[in-house]
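Residue numbers (my numbering), protein chains in the order written: chain A, 15 to 323; chain B, 1494 to 1824.
Do not rely on the hints blindly, as some may be mistaken.
Partner residues aside, some chain A positions facing chain B, computed with beta carbon under 7 angstroms [said to hold, decoys possible]:
1) Lys136
2) Ser140
3) Tyr217
4) Thr220
5) Arg222
6) Ser223
7) Lys224
8) Gly225
9) Asn239
10) Pro314
I should point out that these hints are in silico values taken from the structure, not numbers from a laboratory.
Yeah, the Cβ is synthetic: ideal placement off N, Cα and C, and Gly gets one too.
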Amino acid sequence: MSRFILRRFFYMLITFWMIVTVTFVLMHNLPGDPFANSEKLSTQQRALLSKQYGLDRPILVQYEEYLLHIGQGDLGVSFAYPTRKVTDIIKESFPASAELGAESIIFSVLVGLILGITAALKHNKSWDYTAMFIAIVGVSIPSFVLGPILQYWVGVKWGILPAALWDGPANRILPALTLSFMTIAITARMMRTSMLDVLNADYIKTARSKGLSQFAIILRHTLRNAILPIVTVLGPITVNVITGTLVVEQIFAIPGLGKYFVQAVYSNDYTLIMGLTIFYSLLLIVVMFLTDIAYGFIDPRIRLAKGRN
Amino acid sequence: MKNILEVKDLKVSFHTYAGEVQAVRGVSFELRKGEVLAIVGESGCGKSVTSQTIMRLIPSPPSIIKAGSIIFDETIDLVQLSLKEMESIRGSEIGMIFQDPMTSLNPTMTIGKQITEGLVKHQGLTQEKAQKQAIELLLLVGISRPETRIKQYPHEFSGGMRQRVMIAISLACRPKLLIADEPTTALDVTIQAQIIDLLKDLQDKIGSSIIIITHNLGVVADIAQRVAVMYAGKIVEQGTVDDIFYSAQHPYTWGLLHSILRLDDEEKSELVPIEGMPPDLLDPPLGCAFAARCPHALNICLKEDPQTQIIQDEHSMACWLMDKRVKVKIC
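Just chain A, same shape as in the assembly (with noise of 0.2 angstroms):
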């Protein structure tokens, strides 16, 4: 197990290393550049900017600088907001759009996994149905679309729940609601059909001719196996809703990183976009590598199969 993590991990680091420097290419190759009214700058002042950036060095030096900055954990200071660290900014604004994507995630995939048991369980009865509805529903209609319904009916006409900003825990429920809405579907839908696959299985026959009763079926041979395929798309799921968040605080007026990620793309501002995307992809490679992991942990067969060679 541990040379299994230990091959998973090297491989992260090489995803890493391939996904800064892909960023950083195409960044350099964007039109435009990071000062702002750059068009009324003299070719003096601009050249001036640049060599205080260090923009006017070979692209090669400055992509050897940006790494080895990396490696320290240095993000660089950004264009826009010449004050700040990059750094400081994701230590600012992530808390706030971690909290609302760990709440979706952790709601989504509970009621997700409980609605797509129930539909399982009650096959072809109402219940699967009703399940079945609410999935496709959710997969549907988009978050712009659900978010906006939700703060004008339940924030504004019912006044229930505050419609947007981010001080109480109240605030949290509307948007971790509407992050959540594709994940449950997309959970529920999975664990009904993997749960009847497995339900049909030859060994869930098996058990029942040993005489167990039909709950500890359920809980002992059925949820684990069901729940494998849950597992492998938990990592694609933490991005969608990652990139959710993205839409989600814009629409509540959350002050996460969101925000300053579509600020900086508009800007060109080199450091920051850097700086946000290889954070983000950092914590999808973590989450990913988590993911393998924890399948490893639930199946057997892959945790002996990937030790093994």
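Please arrange chain B on chain A, whose structure you already have, making use of the hints.
The following block gives chain B in isolation, referenced to the frame of chain A:
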């Protein structure tokens, strides 16, 4: 001698979109204590449905037991039991082995856990005691180093070894009846013989009665004392192994016997397949189900289903050719 199992006029149907499929159409047989009964027949003749109905393993719906009784141990009618009552019989009184050992073990649970589960449930053993028993069981079914093997997962076992594990699971609580549903079909030939030998050996040690379902007549001759030949949801001929192999009376049994290879033939003989297809059980024929494929069919065979009649002691069969009013003689 006491009967451990008496199946009387069992009828099982499945409701499908196309209509009612009559999978088992009035099956009756008995199994004595300590006896091995083989049920043979081609695919789709209702062997597995019969055996799984005894265990009440077929979900209902879509299946329904339309008529009949399954008397176990002379007192309990398994057809009448609730699913909850059935749970206490499954695994403790009746054990079952399935066809494909590659898929009938849970891939994410250790072998030990899968064996002990039944022991803990039915005999109220602690996990430790059950573990000890599981080790003994593995030794009994011929798995070496059981102390290490017990902590392993199914994928670390070969097909034959997995079937041994399945046998250990089914025999864990020393059931009075063991149902083996094609236990050797998915294994290669050398392993088949080992598994059959193991079953014979265990039957001597544990003394369970066995119903073995198979389409392999070699297996039948090797292990069984009595044979029931099934065709299209009915038992067409029933008797001791000698009755069936040396003095079979039903044309279908003749067909089965002609379609196996024999090593003792003096000249090269060709295998003779039974021509045609079994009938559609959505709409079973009025007369004898085998009539359409039977080389000896009479007019009456198409119109009326023959009754089961006793030929001699335990040998019985259902065919118009044996009726006293029929004047033709074959053989």
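Hint check results:
1. Given the 7 angstroms rule on beta carbons, the hint for Lys136(A) is violated: about 14 angstroms separates it from the nearest Cβ of chain B.
2. With 7 angstroms as the threshold, the beta carbon of Ser140(A) stays out of range of chain B, its nearest partner Cβ sitting at about 16 angstroms, so the hint is violated.
3. Because the smallest distance between the Cβ of Tyr217(A) and any Cβ of chain B comes to about 4 angstroms, under 7 angstroms, the interface hint for this residue holds.
4. At a threshold of 7 angstroms, the smallest CB-CB gap from Thr220(A) to chain B is about 5 angstroms, leaving the interface hint in force.
5. Interface restraint check for Arg222(A): the shortest CB-CB distance to chain B comes to about 6 angstroms, inside 7 angstroms, so the restraint holds.
6. Evaluation of the Ser223(A) hint against chain B yields a held restraint, the C-beta minimum of about 4 angstroms falling below 7 angstroms.
7. A distance limit of 7 angstroms between C-beta atoms decides the matter here; for Lys224(A) the minimum to chain B is near 4 angstroms, and the interface restraint holds.
8. Hint on Gly225(A) holds. Least Cβ distance to chain B is approximately 3 angstroms, under the 7 angstroms limit.
9. Interface restraint check for Asn239(A): the shortest CB-CB distance to chain B comes to about 6 angstroms, inside 7 angstroms, so the restraint holds.
10. A least Cβ separation of about 4 angstroms between Pro314(A) and chain B falls short of the 7 angstroms threshold, and the interface hint therefore holds.
Consistency note: the structure conflicts with the earlier hints numbered 1, 2.
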